[in-house]
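Student: Once you've looked at the hints, dock chain B with the ligands against the given chain A.
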Amino acid sequence: MAKKTPLLEVKDLHVKVEGKNILRGIDLTVKAGEVHAVMGPNGSGKSTLAHVLAGREGYEVTKGGVRFAGSDLLAMAPEERAREGLFLAFQYPVEIPGVSGMNFLKSALNEMRKHRRLPELDAMDFLTLAREKMRLLEIDEKLIQRAVNVGFSGGEKKRNEVFQMAMLEPRLAVLDETDSGLDIDALKIVANGVNSMRSPDRAIILITHYQRLLDYVVPDKVHVLAHGRIAKSGGRKLALELEKKGYGAFGQSAASVAA
Amino acid sequence: MRREHPFSAPYVAQFTRARATLPGRGLPWLSGLRDRAIERFSSLDFPTPKVEEWKFTNLAPLTKTVFGPGPAKAGEDAGDAVQGFLMEETPCHLLVFVDGRYRPRLSAVGDLPAGAEVTTLAAALKARPDMLESHLGGGTAIDEKPFVALNTAFMADGAVLTLEPGVALDRPVHFLYMASAHEAPVVTHPRTLVLAGRGSAATVLESYIGAGSRTYWTNAVTDVVVDEGAALKHYRLQAEGAKAFHIAATEVRLARDSRYESFVLAVGGRLARNEIAASLNGINIDCRLSGAYLARDRQHIDNTTLIDHAQPECHSRQVYKGVLDGKAHAVFQGKIVVRPQAQKTDAHQLNKNLLLSETARVDTKPELEIHADDVKCSHGASVGELDTEALFYLRARGIDAGHARNMLIEAFVGETFEHISSPPMRAHLERMASSWLPSRHQGGAP
Ligand SMILES: Nc1ncnc2c1ncn2[C@@H]1O[C@H](COP(=O)(O)OP(=O)(O)OP(=O)(O)O)[C@@H](O)[C@H]1O
Ligand SMILES: [Mg+2]
Numbered sequence: 001m002a003k004k005t006p007l008l009e010v011k012d013l014h015v016k017v018e019g020k021n022i023l024r025g026i027d028l029t030v031k032a033g034e035v036h037a038v039m040g041p042n043g044s045g046k047s048t049l050a051h052v053l054a055g056r057e058g059y060e061v062t063k064g065g066v067r068f069a070g071s072d073l074l075a076m077a078p079e080e081r082a083r084e085g086l087f088l089a090f091q092y093p094v095e096i097p098g099v100s101g102m103n104f105l106k107s108a109l110n111e112m113r114k115h116r117r118l119p120e121l122d123a124m125d126f127l128t129l130a131r132e133k134m135r136l137l138e139i140d141e142k143l144i145q146r147a148v149n150v151g152f153s154g155g156e157k158k159r160n161e162v163f164q165m166a167m168l169e170p171r172l173a174v175l176d177e178t179d180s181g182l183d184i185d186a187l188k189i190v191a192n193g194v195n196s197m198r199s200p201d202r203a204i205i206l207i208t209h210y211q212r213l214l215d216y217v218v219p220d221k222v223h224v225l226a227h228g229r230i231a232k233s234g235g236r237k238l239a240l241e242l243e244k245k246g247y248g249a250f251g252q253s254a255a256s257v258a259a
Numbered sequence: 001m002r003r004e005h006p007f008s009a010p011y012v013a014q015f016t017r018a019r020a021t022l023p024g025r026g027l028p029w030l031s032g033l034r035d036r037a038i039e040r041f042s043s044l045d046f047p048t049p050k051v052e053e054w055k056f057t058n059l060a061p062l063t064k065t066v067f068g069p070g071p072a073k074a075g076e077d078a079g080d081a082v083q084g085f086l087m088e089e090t091p092c093h094l095l096v097f098v099d100g101r102y103r104p105r106l107s108a109v110g111d112l113p114a115g116a117e118v119t120t121l122a123a124a125l126k127a128r129p130d131m132l133e134s135h136l137g138g139g140t141a142i143d144e145k146p147f148v149a150l151n152t153a154f155m156a157d158g159a160v161l162t163l164e165p166g167v168a169l170d171r172p173v174h175f176l177y178m179a180s181a182h183e184a185p186v187v188t189h190p191r192t193l194v195l196a197g198r199g200s201a202a203t204v205l206e207s208y209i210g211a212g213s214r215t216y217w218t219n220a221v222t223d224v225v226v227d228e229g230a231a232l233k234h235y236r237l238q239a240e241g242a243k244a245f246h247i248a249a250t251e252v253r254l255a256r257d258s259r260y261e262s263f264v265l266a267v268g269g270r271l272a273r274n275e276i277a278a279s280l281n282g283i284n285i286d287c288r289l290s291g292a293y294l295a296r297d298r299q300h301i302d303n304t305t306l307i308d309h310a311q312p313e314c315h316s317r318q319v320y321k322g323v324l325d326g327k328a329h330a331v332f333q334g335k336i337v338v339r340p341q342a343q344k345t346d347a348h349q350l351n352k353n354l355l356l357s358e359t360a361r362v363d364t365k366p367e368l369e370i371h372a373d374d375v376k377c378s379h380g381a382s383v384g385e386l387d388t389e390a391l392f393y394l395r396a397r398g399i400d401a402g403h404a405r406n407m408l409i410e411a412f413v414g415e416t417f418e419h420i421s422s423p424p425m426r427a428h429l430e431r432m433a434s435s436w437l438p439s440r441h442q443g444g445a446p
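Chains as they are written, first to last, in the numbering used here: chain A, 1 to 259; chain B, 1 to 446.
If we strip away everything but chain A, and leave its shape as in the complex, we get (with noise of 0.2 Å):
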């Protein structure tokens, strides 16, 4: 039998910000049904990596490149990434003012049900989604009925990320550090949501500095990001190891990559 095409397979990844390298060479594959988990001190290029993979304008790939499901991923505008089943939950969730959430999210949907060949849900089917969804991961309606993000509470802000991955069923989720901000009752609610979304189908990266997310939602694998190269890669242990000894070992405390 022929191997499965992974989801996704970044190589030798360059990437600039501003003229300044921030990814130096990153290569990682995550196949379908995994969950990843990516460690790594603040300004190693975490939230660089998730955004030049849902397509941010701003970075510069220098070298390298990434497919995803086989095609190639770079060569997307964000909005077909994202309709190919690309999701990324924002570190930090764009408020936009005067745009309803309720119409971002049918409009996002719709957008996703077409490229898929499926019928637009009405304005009815969609509330009886979405509605399930929120008692999934425990959202108020009247949060989904104000402008998107305006207003939110951090964890509200969080949560409504998860709540909308949990809508638009994508077959690759990268949750940048959702579980930051995020009291022990939230966290739970939402790995209970993000464990709800695994499936053989469906690949997660959760990028995160805490191990107590990984408690709840166990990766199949753990990597180490430092000074825009993956350092290390290994089981859920590695985890643990690096709650102990911090990121010492990998030559970069917080927030010192050299330009």
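Since the hints were derived computationally from the structure, they do not count as laboratory data. A virtual CB, placed ideally from N, CA and C, is assigned to each residue, including glycine. The reader is advised that the hints may include incorrect statements.
Unchecked claim - Just a few of them, taken from the derived set where beta-carbon distance is under 7 Å, the chain A residues facing chain B:
| no. | residue |
| --- | --- |
| 1 | Ala54 |
| 2 | Pro78 |
| 3 | Ala82 |
| 4 | Arg83 |
| 5 | Val94 |
| 6 | Ile96 |
| 7 | Gly98 |
| 8 | Ala108 |
| 9 | Met112 |
Tutor: Showing chain B with the ligands alone in chain A's frame:
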């Protein structure tokens, strides 16, 4: 300083030829008023940017063409073009004018309560000339404003709404001025009059629309009188043709305890100026002016307002927002005057602009002239671009770039429509605005 060859000269000559045929020629007060007006126009002439009020709006393109009086018969194609601008689902008292002439077959005045009258200026000049005398010549506008003077000299028709004390209209009144497609450049001088008696209430929409892509000029004047305790909602759609010139002045006189709510949606014309001057002549008046302007290509859209607080304890609010694409140029000039006796005035003004291109431009100029000490006055202005973070967030959820832009543009201007307190009118003007958004007529491709 007089120009050697004033741009006004051809119009003065046209006036001399037309004088004997203008309506109301049997009324000495009117003939006298017209003569005085054309003389004023002749001496004021077309203002140059050296005139403070016209600093940011250069009328050179308007002076390049000499506009003539309309043809004897208006085009027959008007009916269809009018359809798209009527209020859906809301019955109105509708008066339609095509090329400055009343078109009864396109109009539907309907039944009005006793004490309310919707008629035309031409008819009113025959039926009740004395009622008009005190309102048409009113104020100092013809002395100071060249285009009000020009309109006054030539005015032949327009819509008139009068409300006796205490009369309230359930349905909106819609005055629609339409320019049909002509070969020759034509100017019309529509004159609208709204007289709201004591304690009366009404909702009025004026629409200025153009069919086809010919050059023409609409030189409109609207006189509004809102008497004690009356409430007028006065909306305006400016959707003239792409090559049209639109110069409009609205003179509003408010008496004590009255409420006036105005909203102006400007999307049309090559060069458009909408001026509103409101004088607050009694205590406890509430005056709200808001508007949205959406311009692209080489459009020039000017909104100029004056709120004159002449008496104490009045409120005024202004919120204008604009979205500019291409090489469009917008002007917002908002002047607030607070006279010495107008203590406890509460006046606020806000102008926000969203630039979608690097070549779009805006000049925003607030002007406060405050002569009283116990007042609350504020103004704010901003010019910004689309939020790239928000754009990326929307796109990262699968929404294409064009649609994402439109969502943000709609969110920006959408807020101004909240100032329209009449729900059907809000829905109508939102519909008129949404047809402007690029994706709506390009199919939403990025
Ligand atoms: N737009 C930018 N301009 C300049 N430098 C940038 C820009 N974006 C990121 N950087 C720099 O790139 C480096 C990596 O940033 P990144 O946000 O990827 O770190 P991170 O690993 O996600 O950190 P954290 O754990 O604090 O979220 C940092 O040194 C950051 O200052
Ligand atoms: Mg980060």
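Student: All hints, please: hold or fail.
Tutor: Hints and how they fare:
Given the 7 Å rule on beta carbons, the hint for Ala54 of chain A holds: about 5 Å separates it from the nearest Cβ of chain B. Interface restraint check: Pro78 of chain A against chain B, minimum CB-CB distance 4 Å, threshold 7 Å, status holds. The beta carbon of Ala82 of chain A is positioned within 7 Å of a beta carbon in chain B (closest approach about 4 Å), and the interface hint is therefore held. With a least beta-carbon distance of about 5 Å to chain B, the hint placing Arg83 of chain A at the interface is held under the 7 Å criterion.
Contact between Val94 of chain A and chain B, as hinted, is supported at the beta carbon level, the nearest pair being about 4 Å apart and thus within 7 Å. With its C-beta approaching chain B no nearer than about 5 Å, Ile96 of chain A sits inside the 7 Å limit, and its interface hint holds. Look at Gly98 of chain A: its Cβ gets to within about 3 Å of chain B, closer than 7 Å, so that hint holds up. For the restraint placing Ala108 of chain A at the interface with chain B, the shortest Cβ-Cβ distance is roughly 4 Å, inside the 7 Å limit, so the hint holds.
Because the smallest distance between the Cβ of Met112 of chain A and any Cβ of chain B comes to about 5 Å, under 7 Å, the interface hint for this residue holds.
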